[in-house]
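Novice: Below, each chain spelled out in residue letters.
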Amino acid sequence: MRVLAAVSGGVDSAVAAARAVDAGHDVTAVHLALSLNPKSFRSGARGCCTLEDARDARRAADVLGIPFYVWDLAERFAADVVEDFVAEYAAGRTPNPCLRCNERIKFAAVLDRARALGFDAVCTGHYARLVDGEVDTGTGRELHRAVDPGKDQSYVLGVLTADQLAGAMFPLGDTTKAQVRDEAAARGLAVAEKPDSHDICFIADGDTAGFLRTAIGDAPGDIVDTDGVVVGAHEGAFAFTVGQRRGLRIDRPAADGRPRYVLDISPVSRTVTVGAQSELAVHSVLGIRPRWCGPAPVGAFSCGAQLRAHGEELPAVAELVVAGEGEGDDGGELVVALAAPAYGIAPGQAVVLYDGTRVVGSATISGCR
Amino acid sequence: MINARGPRIDDLMAYLDHAATTPLLPEALAAITAELGLVGNPSSLHAAGRRARRVVEESRELVAESFGARPSEIVFTGGGTEADNLAVKGLYWARNAERGGLAVRRRRIIASPVEHHAVLDPLRWLVEHEGAVVDWLPVDRFGRVDPADVEALLAQDPDSVAFITVMWANNEVGTIQPIREIATAGRGYGVPVHSDAVQAAGQLPVDFAASGLDAMTVTGHKIGGPLGIGTLVLRRGTELTPLLHGGGQESDVRSGTLDTPALAGFAAAARAVVRDRSERAQQMSSLRDALVAAVQEAVPDAQLNGDPDPAGRLPGNSHFSFPGCEGDSLLLLLDARGIECSTGSACSSGVAQPSHVLLAMGAEPDAARGSLRFSVGHTSTAADVAAVAGAIGPVVERARGARLAAAKRA
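Quick mapping for you: the protein sequence lines, in order, are chains A and B.
Residue numbering for the first sequence follows this note's numbering, beginning at 12 and increasing consecutively.
Residue numbering for the second sequence follows this note's numbering, beginning at 8 and increasing consecutively.
Simulated from the structure, these hints should not be mistaken for laboratory data.
Incorrect hints may have been included.
[Stated by the list, open to error] One-sided excerpt, in silico: chain A residues whose CB lies under 10 Å from chain B:
#1 Asp37
#2 Thr39
#3 Val41
#4 Pro78
#5 Val81
#6 Asp83
#7 Arg87
#8 Ala196
#9 Phe222
#10 Phe312
#11 Arg319
Ideal Cβ positions, reconstructed from N, Cα and C, are used throughout, including at glycine.
The whole structure should be built from the sequences, with the hints applied where relevant.
Specialist: This is the structure in structure tokens:
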């Protein structure tokens, strides 16, 4: 196969590309330039789009003896990921930009261009497994959790359609991170010891609230309890996430003396509602924009539901309550009833449904009960 | 580890990027390897030093003779970028130096907008840090400067102009500038004129004395010599402030121990390339013409950028815009077929930017992004042209498809 390996400059994508080469594929490396102003990004090794990362990516390609190119997707990334991120927060939701990047950039803009240029697949360093399975997914390929539960990234890939998965290659899903580092060292890849990237790549200093304040502007409002009594003030509702406990800066203690959590965010009235942890309990979630790794299911079905990145999987029963005509915006609405309550579930995050280790599909959380 | 897929370039690949760097000439290789095993710092007074010194001075004489200069006018540098920086900053500083307690202010620099980044970026640095003001010369649709515009800008206030810099021939589209006329204009007002002749040297008759220039840049690796060596040819009496201070080599203009093997290689290449220039230029331009014809036949809407008249263009240069394509898609697809070319000048970050040369020539940013340079040189053959002829049609078609696919979901 002709494979386009997306190399970030980190250890995972370098080893993934190396494995694609070993498997006998004709591999070309591409580094995605996602920042409109790369120098403004963090200079350390934590981000994914610094000039230093581009150099590390190029060096890895040199060691593997494969061609290396930089694709400038900064404008697409700004429009599809960064602006979406800001708009979602402004609307009181909590988006996951990595998931959006996979959906719109890596397995859309990059995969489309790669296919048009004659490549068969885009290879990344995500920890997930693609297996030829028995379930009728239309393409015969199933997306499964990685064997390393600490690194599993099937959640941020759960938004991909069967067609997108058919053009994906994840060579690291059957390996632990520790093995990948050892392998990188054995292969002479200089990035073997590079720290893991985390946080949000386009927020240089990790200060998400500061980034949002700059992007959205101050929008002061009240912090109220569940009875509507004003208990504090804030400078912008976007700085809060449902389930958040720290940084509320409420002077008066709660009547029961227990800590208070963010229960709800209403950007229009600029109100942040707080209350006891027990009031955060969510028994079912409503999902919109469903995506299925195969045909849309009919009727209620048992599954496991994961409600945030690195969150635990809960037993659930899911059902399409509003029938859709396909996927995404036309896909109808989904209700996922949880067998046990979940806490701190934020609208805007994804609910990803599993059957064992297999990803069945996903939806964007639009409401909780 | 050496790339296992990397056989000698000229065995399997169609190397059509001679404007980026061209293979060593056999004469240069022999001269370098003969020197590499010997010891001697040319500044040392003992026998080993004297031997190295002799090589350096013989090399200086050869380079001077090859490009119409006197040996004392040759300042060796670590390449073209250093020579350009030395000229731009050195002339600016010298022309703004205090003399006899009098502060002379000559803030204006007259420059073409199609210069290489090795000239553009030091100009911008002088603007940002030293209060310089650049008067950008207009260029026509081929990227050519009109000497009358130089004259007009000079006439406005000649005493305020530090220097003039216009390249001899453009690295992207190959357009040759009227250097002698520009130099004459500067001379008339006593304003020094620099020209980056990196691309012109070896391809065109480059005679420093006859040109009337005050400073001129030449680099080794574009003429079949080694990388990392070049010269700023500096007319006798031209004042220049050094960039590098130290041991006082090169008449105190450029300190640093001289690289004897590289100098020997540079000189050998200069002699060979000038000796064979006329014959080689003819070979190159006939290959280039065949390449242009082949591309235009395979892709009828491909647009040749730069001067279509061979008299106004470097013999090795061809440069096209392919409507509806991204230059980096074309590059990737051609590379995969063993054809090595360029989107223009190399960029450290690797992110494709629309060429400032094409933009200055009036091209739309979109056309500027979908451009490729094929440059032939002394190792090019008809087989290289045939490889392009066979590949370019399908490659352009595929690149157009990729652009449409990318636009589809946007």
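Novice: Taking the hints in turn, state whether each one holds.
Specialist: Structure-based check of each hint:
| no. | hint | in the structure |
| --- | --- | --- |
| 1 | Asp37 | 8 Å, holds |
| 2 | Thr39 | 7 Å, holds |
| 3 | Val41 | 9 Å, holds |
| 4 | Pro78 | 6 Å, holds |
| 5 | Val81 | 3 Å, holds |
| 6 | Asp83 | 5 Å, holds |
| 7 | Arg87 | 7 Å, holds |
| 8 | Ala196 | 15 Å, violated |
| 9 | Phe222 | 23 Å, violated |
| 10 | Phe312 | 31 Å, violated |
| 11 | Arg319 | 27 Å, violated |
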